[in-house]
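Visitor: The listed protein sequences derive, respectively, from chains A and B. Heads up: the first sequence runs through residues 3 to 520, numbered per my numbering. Heads up: the second sequence runs through residues 3 to 520, numbered per my numbering.
Among these hints, one or two may not hold up.
As the list makes no split between identical chains, a pair holds if one copy fits it or if it spans any two.
[Stated by the list, open to error] Calculated pairs, BS3-like style, for lysine-lysine (alpha carbon to alpha carbon, straight line, at most 30 Å): (1) K33 <-> K170; (2) K242 <-> K312; (3) K150 <-> K239; (4) K312 <-> K468; (5) K141 <-> K103; (6) K63 <-> K493; (7) K415 <-> K68; (8) K239 <-> K468; (9) K9 <-> K103; (10) K68 <-> K33; (11) K312 <-> K239; (12) K307 <-> K258; (13) K239 <-> K310; (14) K239 <-> K415.
Quick caveat, the hints were computed from the structure, so don't treat them as lab data.
2 protein chains.
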Amino acid sequence: MATEFVKNAVGRLVPTTINGELVIPFQGVGKYQPTGRKYAPPIASCANFPSDGNKLVATLKEALQKAGLKDGMTISTHHHFRNGDLISNAIFDIAKELGVKNLRWFPSASFPCHEYLIRYLEDGTISHIEGSMNGQLGKFCTQGKMKKTAVLRSHGGRYQAVQDGEVKIDIAVIGASSADAFGNANGLNGPSASGLLGFALADSQYADKVIVVTDNLVPFPCYPWQIQGNYVDYTVKVDKVGIPEKIVSGTTEVTKSPDRLLIAELTARFCEEAGLIQDGFSFQAGAGGTALSIGNFFADIMRKKGIKAKFARGGSNKYLVDALEEGLIEFILDGQTFDLDGVRSMRDNANHVWTSPFTSYNYHGKGNFASMVDVVILGATEVDLNFNANVVSHSDGYLLHGIGGWQNCLFSKNVILPIPLFRDRIPVIKDEVTTICGPGELIDIIVTERGVAINPLRTDLIERMKGSGLPIKTIQQLKEEADAICGPSQKPNLADDVVAAIKWVDGTVIDVVRRVIE
Amino acid sequence: MATEFVKNAVGRLVPTTINGELVIPFQGVGKYQPTGRKYAPPIASCANFPSDGNKLVATLKEALQKAGLKDGMTISTHHHFRNGDLISNAIFDIAKELGVKNLRWFPSASFPCHEYLIRYLEDGTISHIEGSMNGQLGKFCTQGKMKKTAVLRSHGGRYQAVQDGEVKIDIAVIGASSADAFGNANGLNGPSASGLLGFALADSQYADKVIVVTDNLVPFPCYPWQIQGNYVDYTVKVDKVGIPEKIVSGTTEVTKSPDRLLIAELTARFCEEAGLIQDGFSFQAGAGGTALSIGNFFADIMRKKGIKAKFARGGSNKYLVDALEEGLIEFILDGQTFDLDGVRSMRDNANHVWTSPFTSYNYHGKGNFASMVDVVILGATEVDLNFNANVVSHSDGYLLHGIGGWQNCLFSKNVILPIPLFRDRIPVIKDEVTTICGPGELIDIIVTERGVAINPLRTDLIERMKGSGLPIKTIQQLKEEADAICGPSQKPNLADDVVAAIKWVDGTVIDVVRRVIE
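Excised from the complex, chain A in its bound form (with noise of 0.2 Å):
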């Protein structure tokens, strides 16, 4: 197939094909319309498993060979091992032993430990990876070394692709803190504890093969089960399945920095201005230094107000955690732990609860969490004037880290982006932003240490903030801040050649990076 361009629904120019395979360009928000049905895995039987459960083999190796590794296939593996995940590496090393080449690596995220196998990126044994690339992978995939094009999803994304069939897994490989022989499994226990598995979960329902690797083997019934024996063929005990004191960052703590706290606390108060901060209301922050003050700072005004938060989505970290114990939030809907004291909360209070990106992110669902947020604080690193946003790469035109959840979380009620003006000296608001990973409508506010700006789509909000003492000001007003003290931005210096798609959270792609010329 001749991969041809057309220009997508917020103006970029994108393939109709990737890797061989149709695509379908980005329609808008809400206008593209699936009419297929969901990915149909093969019907097992239990007469082809033990009766006993024990579905343990010795080695790893074992298991990828009696899942039928071969060449092409597509292996998948999740992150909530993070930088001290011990498996995905272990599985190219046997894939190259085994002489097995074309693979696809199809992880939820990417670790600096992952840049280990940019060797067998180079040898042939991997074609390319479809998921977070950051780091080194970043720039080997920008510099357009990779044999194939990388393919970037939202978490949502990545459910979606899976339960549609767009992406269709043949081994995927859980590790995971504690299971059972059987195959039950949970990231609550064990010395390698990462708090739940979510990001499996699609990965177990709809591969061809699931392998369950695990150092903390428990008799069944491993519970709870968040990924279900039922679904997986093989199970393996090893002697480590992750590094702890990699897996969570131990604390994360609240920002220092004068001008990010100045950034947190406009954000806070101009959410308890526009009145976004009620009893009942939700949230979501994320796990930065910036986010975690603003969580503070709303943590402040609902004990000053005697209110509390229905919930707050997580990663959760241990400010979360205070205020779940503090009682002013009733639940934490959590899709990973970003600190051990996640972990602990996770494991011992009720009301936090472990999602999945099919619970809050998947938009081919009926419905999902991620839209009754009425407030999600997110990051950006560039951001054009008409709100639409990146982050995934830099102004540099380099893949610096994959989606996770930012797409899915711009369909909460309230999506506010506190970011600095510039970094570096490069201004963060742009005429173009490098690579649209969300579009403008759905981004409300952004709040900068030099003012905030309301998308005029939100009427409702420029009318609630008039008279407001916080500095309110129009994008291009800020743009013009910026750029009188740094200069004009310069464009990144790129190739025609797409090194990477970025998907939209219902399968159509919203843009693509193209190769740095170095």
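Chain A is already provided as a structure; the job is to place chain B on it using the hints.
Guide: Using the frame of chain A, we list chain B on its own:
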């Protein structure tokens, strides 16, 4: 298609089509290998659901109309409300009012309260039932009055049939004692609490349209979400979803009949002498008086030996809950609560775990829990000399009740049927049972008040019981004793017409029920 009859692997003549659709005759335990793929429901999109998560419609009628209720559809319900269900009858009242005809009712079980629906079977609103039929519904069916052939499945077989696309559910109506407007639902809380909603899991996952009906609407999130709102199309608030005092049977008491107590004691002694009751063992009994007594005897043995069970399977009741709370059982893995103690314990005890037919029973999964259970205690209406057993019809040919989890439990390591040697002077052991529901090769031990018969296939148990003081006999001996007392059995007076088919756990046809000539 002309219906032909073929002899299946247990020697029964079964049709090759049922209601115009091809079916597969039973091929032997573990012999049929499915080659297809799971049923693939249509892909949904959040674009078509309210972003605030509020799926409430005013009435069940409106929900059914929005779901597109029309002639010939399949409507599913669950039976967690047991004899207190107010939803199933209401659905067909609405269908009647709307003039909709030829509906297939696909309940997970029916109860005496559903005799009300005979009027709709008679007037053509309902064409037929696929699910258990007791009392008057069973009689109606056995008299050949239903317009199409009934199909009876086990709980696991029902999940399998839905998962595999054998039964396509058009509209699932899920009554819940607690739900939010998004459709997250559980059976744990509210005035109609019934414990759990596992029987509706397949319905929620695979039905084209899903309606959740509750009388206890709570703010999002309704947690735990035993049914996930992401599968739900519409929610409805009604005044009353069930009659609490009929949902749970209050308290089911241990038997006081001397014969049944003797059977219970013999069963427990057999298990102890055969070495089946070991530290970490697992068992499943039922809710009948004999089964409850056996559970109590098991508890005595555990106390005496100073051991505990790893898990017991529910249906749960106060005796099982007492044993859990005493520490004699580590986990209850429960499919349905039979009394209020069960409901309370499932809500309050972390180790009282709600399961589903998927985890416990689905034969077309990658294993299930049933085969891991050490000892299972089941009932039967009839057993033949080859240990084949009947659980659905009486010796007069009438359908008595559904299969429940009975077939699924036959995969336990040790299957024990404690049964009286005769009922109302009709011997229970036959040359040939009226309806084969389970093949004899899976049934290990028959315990009667006059002796214990071990299946000759279980040479290990026969060996272990040599020299036992228990009255170990052959099944022939037991039959001869019963016949000597009661006289030989009379055959039921049956026509050739098939009124119902009995599916095996893999979807094949193990037997049929024929019309009774009255």
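Visitor: Work down the list of hints and note, for each, if the structure agrees.
Guide: Evaluation of the provided hints:
1. For a Cα distance limit of 30 Å, the shortest separation of K33 from K170 qualifies both inside one copy, at 25 Å, and across copies, at 29 Å.
2. Taking identical chains as interchangeable, the C-alpha atoms of K242 and K312 lie at most 30 Å apart only when they sit on different chains, with a minimum of 27 Å there against 38 Å within one chain.
3. Neither within a single protomer nor between protomers do K150 and K239 lie at most 30 Å apart by alpha-carbon distance, with minima of 34 Å and 52 Å respectively.
4. Taking the closest pair of Cα atoms, K312 and K468 come within 30 Å of each other only inside a single copy of the chain (28 Å); across copies the shortest separation is 65 Å, beyond that limit.
5. When the C-alpha separation of K141 and K103 is checked against a cutoff of 30 Å, the pair qualifies only within one copy, where the shortest distance is 22 Å, while the shortest distance between copies is 63 Å.
6. Proximity of K63 to K493 under the C-alpha cut-off of 30 Å is found in neither arrangement, the shortest distances being 47 Å within a copy and 59 Å between copies.
7. Only between protomers do K415 and K68 lie at most 30 Å apart by alpha-carbon distance; the minimum there is 27 Å, versus 47 Å within a single protomer.
8. In this homomeric assembly, K239 and K468 never come within 30 Å of each other (Cα to Cα): the closest approach is 62 Å inside a single copy and 40 Å across copies.
9. Taking CA atoms no more than 30 Å apart as the test, K9 paired with K103 passes in neither setting, with 35 Å inside one copy and 50 Å between copies.
10. Taking CA atoms no more than 30 Å apart as the test, K68 paired with K33 passes between copies only; the shortest distance there is 22 Å, against 43 Å inside one copy.
11. Only between protomers do K312 and K239 lie at most 30 Å apart by alpha-carbon distance; the minimum there is 21 Å, versus 40 Å within a single protomer.
12. For the homomeric pair K307 and K258, the shortest alpha-carbon distance inside one copy (26 Å) is at most 30 Å, but the shortest distance between copies (62 Å) is not.
13. For the identical chains of this complex, K239 and K310 are inter-copy neighbours only, at 26 Å across copies versus 44 Å inside a copy, given an alpha-carbon limit of 30 Å.
14. In this homomeric assembly, K239 and K415 come within 30 Å of each other (Cα to Cα) only across copies, at 25 Å, whereas the closest approach inside a single copy is 44 Å.
Violated hints for the displayed structure, listed by number in ascending order: 3, 6, 8 and 9.
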